[in-house]
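Trainee: The whole structure should be built from the sequences, with the hints applied where relevant.
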Amino acid sequence: MPSLVISVTLFILALLIGIEVIGKVPATLHTPLMSGANSIHGIVIVGVVIVAAEADTPLSFVFIFLAAVLGTMNVVGGYVVTDRMLEMFKSDKKNEGGAK
Numbered sequence: 072m073p074s075l076v077i078s079v080t081l082f083i084l085a086l087l088i089g090i091e092v093i094g095k096v097p098a099t100l101h102t103p104l105m106s107g108a109n110s111i112h113g114i115v116i117v118g119v120v121i122v123a124a125e126a127d128t129p130l131s132f133v134f135i136f137l138a139a140v141l142g143t144m145n146v147v148g149g150y151v152v153t154d155r156m157l158e159m160f161k162s163d164k165k166n167e168g169g170a171k
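Numbering of the sequence shown is given in this note's numbering, commencing with residue 72 and proceeding in unit increments.
Do not rely on the hints blindly, as some may be mistaken.
[As the list claims (entries may be wrong)] Have a look at the derived ranges for each label pair, beta carbon to beta carbon:
1. Leu86 <-> Thr143: 17 to 23 Å
2. Lys95 <-> Val140: 26 to 32 Å
3. Arg155 <-> Val92: 19 to 25 Å
4. Ala124 <-> Ala98: 38 to 44 Å
5. Leu157 <-> Val76: 41 to 47 Å
If you are wondering where the hints come from, they were derived from the structure by calculation, not from laboratory data. We put the CB at the ideal spot given by N, CA and C, even for glycine.
Mentor: Written out as structure tokens, the structure reads:
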């Protein structure tokens with residue numbers, strides 16, 4: 072039980088620090104921040120796979136499932152945002168002929 076208390080305390084501390092850090096980022100930098108965070112969320116998914124091998128209680132399986140789902144949502148969302156951001160920089164092939 073003490074390890075669960077330590078884990079929950081660590082989770083809450085990480086949550087509060089994350090909220091504080093993200094809250095200080097200017098609005099113009101949120102999209103690049105999200106696209107750059109894909110690698111971190113990928114590491115979270117790898118961590119979920121590693122921790123899943125050590126799970127022994129139903130509660131730990133619930134937390135592992137939640138971590139896997141939320142981490143996957145972050146990775147997919149980051150790639151979608153990055154793709155939309157890169158679409159803004161593509162040139163139109165139709166307007167290259169000189170016609171206005």
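Trainee: Could you run down the list of hints and mark each one as holding or not?
Mentor: Going through the hints against the structure:
no.	hint	in the structure
1	Leu86 <-> Thr143: 17 to 23 Å	19 Å, holds
2	Lys95 <-> Val140: 26 to 32 Å	28 Å, holds
3	Arg155 <-> Val92: 19 to 25 Å	24 Å, holds
4	Ala124 <-> Ala98: 38 to 44 Å	41 Å, holds
5	Leu157 <-> Val76: 41 to 47 Å	44 Å, holds
Every hint, counting from the list given before, is met by this structure.
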